[in-house]
Amino acid sequence: MAAEEVTLSSHIQHHLTNAKMCSTDTGLAFNKACADSGFWTWHIDTLAWSIGLGLVFLWIFRSAASKSTTGVPGKFQCFIEMIVESVGDNVRDTYHGNSKLIAPLALTIFVWVFLMNLMDLIPVDFLPAFAGFVGESAFGMDSHDVYMKIVPTTDINLTAALAIGVFILMIGYSIKMKGIGGFIAELTLHPFSSNNKMVQILLIPFNLLLETIALVTKPFSLALRLFGNLYAGELIFILIGAVGLMQLPLHFIWACLHLLVIWLQAFVFMMLTVVYLSMASSNNSH
Amino acid sequence: MNLNATLIGELIAFTVFVLFCMKYVWPPLNGAIEARQKKIEDGLAASDKAEQELERVRLEAAEQLTEAKSQAADIIEQAKKRAALIVDEETTRGQQEREKIIAQGHSEIDSERSRVTEDLRKQVATLAVVGAEKILEREINQAAHSDIVEKLVAEL
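Chains as they are written, first to last, in my numbering: chain A, 8 to 293; chain B, 833 to 988.
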């Protein structure tokens, strides 16, 4: 074990630090060596877990899809189809256009985010401690230098990436449905409008400011909501894990509550994505 | 919480996942669901139709049964009438036959009786002649007295 004293705050800090990778002058470097590498740092634990879970999602659903028949479905197929159908119903209720992208996008977001949130229910020390053990015995590292954050949605980079993806689609749909002129008009001629041309021109800066803020807050709210909920949940799991035997009932209660949170956050992210895209595609969004 | 290159990696991963889902996951699953819904809808419609058809056929069968029953009753009625007719006819014919047989018997008896009477007469005549011969102890000229004998016989 490490020479330095393990305090509660250092324990928590350790749990909340991602495994980093960056390239330096001498080749690839990891973790503490990357402290100064700035933007070009990769959180390899976030990437590995999220991509791994994404592949699990695609593998499960693809195997159901390749075996799907119109006859009597098996139990596995029923389960998968239940998810697909409920997502499809939600999308149909909210998005009234005709799009081949929205429903699979919603399904991907829902299941992928749900799986990543689900990692929160694995006891907080299991996988990091296992990773530390592997790092120490196989690579001769100090187990305190092995970082492993297994819930990708507690990394702002992942939630921001999802939100930016949705944001790009929002702008894309706006331009596709209303044209560039229509999109600019939406940003500049609302919410204040006037019949007088001069007054209208004067109002444009205000409108642009307000509408831009309204537009940009959408991805921000998406990214921060998911990140904040899961980060806070994870933090409380770590705190509960540090209080000795009392953690058992506390952990149970918090995990029960979290069963709701992980599902709800995935659902909220999906629904808001659909709602935002629906607003972007409709002509009179205000 | 600092944004770094992970963002780009996740954005690429997100795009790839969504595209894969859009191409290989959503269409077959949703297609299967919709195809099955269509199939169930068709099946329900067919079952409704079959039920109506069944009801129709049942009514038709009941109608045919009633008709068959009335026909059967008619036939039985006719058969009874015919049977009565035959019995009547046969009775009449039997009666006639009987009368004919009786009449025949009567005539046979009559002719027999007249034949027997004739025989008896002849025998009586002979006997009478023989008796008379015996009484007279002489031969009577049969030819000369035959009218007497004839008269005698006729009186018998």
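Worth flagging that the hints you see were computed from the coordinates, not collected in a lab.
Backbone N, C-alpha and C define an ideal beta-carbon position, used for all residues, glycine too.
It cannot be assumed that every hint is accurate.
[As the list claims (entries may be wrong)] Calculated cross-link-like contacts (lysine-lysine; reagent style DSSO-like; alpha-carbon spacing at most 30 Å):
1) B/Lys855 / A/Lys82
2) B/Lys855 / B/Lys870
3) A/Lys183 / B/Lys881
4) B/Lys901 / B/Lys871
5) B/Lys932 / A/Lys74
6) A/Lys225 / B/Lys913
7) B/Lys912 / B/Lys901
8) B/Lys913 / A/Lys82
9) A/Lys82 / B/Lys901
10) B/Lys881 / A/Lys107
11) A/Lys107 / B/Lys901
12) B/Lys913 / A/Lys74
13) B/Lys871 / A/Lys185
14) A/Lys107 / A/Lys183
15) A/Lys185 / A/Lys225
16) A/Lys107 / A/Lys204
17) B/Lys870 / B/Lys881
18) A/Lys107 / B/Lys855
19) A/Lys74 / B/Lys901
20) B/Lys901 / B/Lys913
[Claimed, not checked] Covered by chain B, according to a simulated footprint, are these stretches of chain A (three or more residues, beta-carbon under 8 Å):
21) 51–62
22) 135–147
*Please work out if A/Lys107 and A/Lys204 have their alpha carbons no farther apart than 30 Å.*
40 Å, violated
*Do three or more residues from the region 51–62 of chain A put their C-beta atoms closer than 8 Å to C-beta atoms of chain B?*
Holds, because 5 residues of the region 51–62 of chain A bring their Cβ atoms closer than 8 Å to Cβ atoms of chain B.
*asked:* Hinted pair, alpha-carbon criterion (30 Å max): A/Lys185, A/Lys225. Please report holds or violated.
replied: 19 Å, holds
_Given hint B/Lys913 paired with A/Lys225 - CA-CA distance at most 30 Å_ = Distance ~100 Å between A/Lys225 and B/Lys913 Cα, so the pair is violated.
*Is B/Lys932 within 30 Å of A/Lys74, Cα to Cα?*
100 Å, violated
*Pair hint outcome, A/Lys107 versus B/Lys855 [Cα-Cα no greater than 30 Å]*: 9 Å, holds
*Please work out if A/Lys74 and B/Lys901 have their alpha carbons no farther apart than 30 Å.*
58 Å, violated
_Between the alpha carbons of B/Lys913 and A/Lys82, is the straight-line distance 30 Å or under?_
73 Å, violated
_Agreement of A/Lys107 and A/Lys183 with the hint, judged by alpha carbon distance not exceeding 30 Å_ = 14 Å, holds
_Checking one constraint from the list: CA of B/Lys855 to CA of A/Lys82, max 30 Å. Satisfied?_
Holds - the C-alpha atoms of A/Lys82 and B/Lys855 are around 24 Å apart, at most 30 Å.
*Given the hint that B/Lys870 pairs with B/Lys881, does the C-alpha gap stay at or below 30 Å?*
16 Å, holds
*asked:* Given the hinted pair B/Lys901 and B/Lys871, is their Cα-Cα distance within 30 Å?
replied: 44 Å, violated
When the structure is compared with the earlier hints, violations turn up for hints 3, 4, 5, 6, 8, 9, 10, 11, 12, 13, 16, 19 and 22 and for no others.
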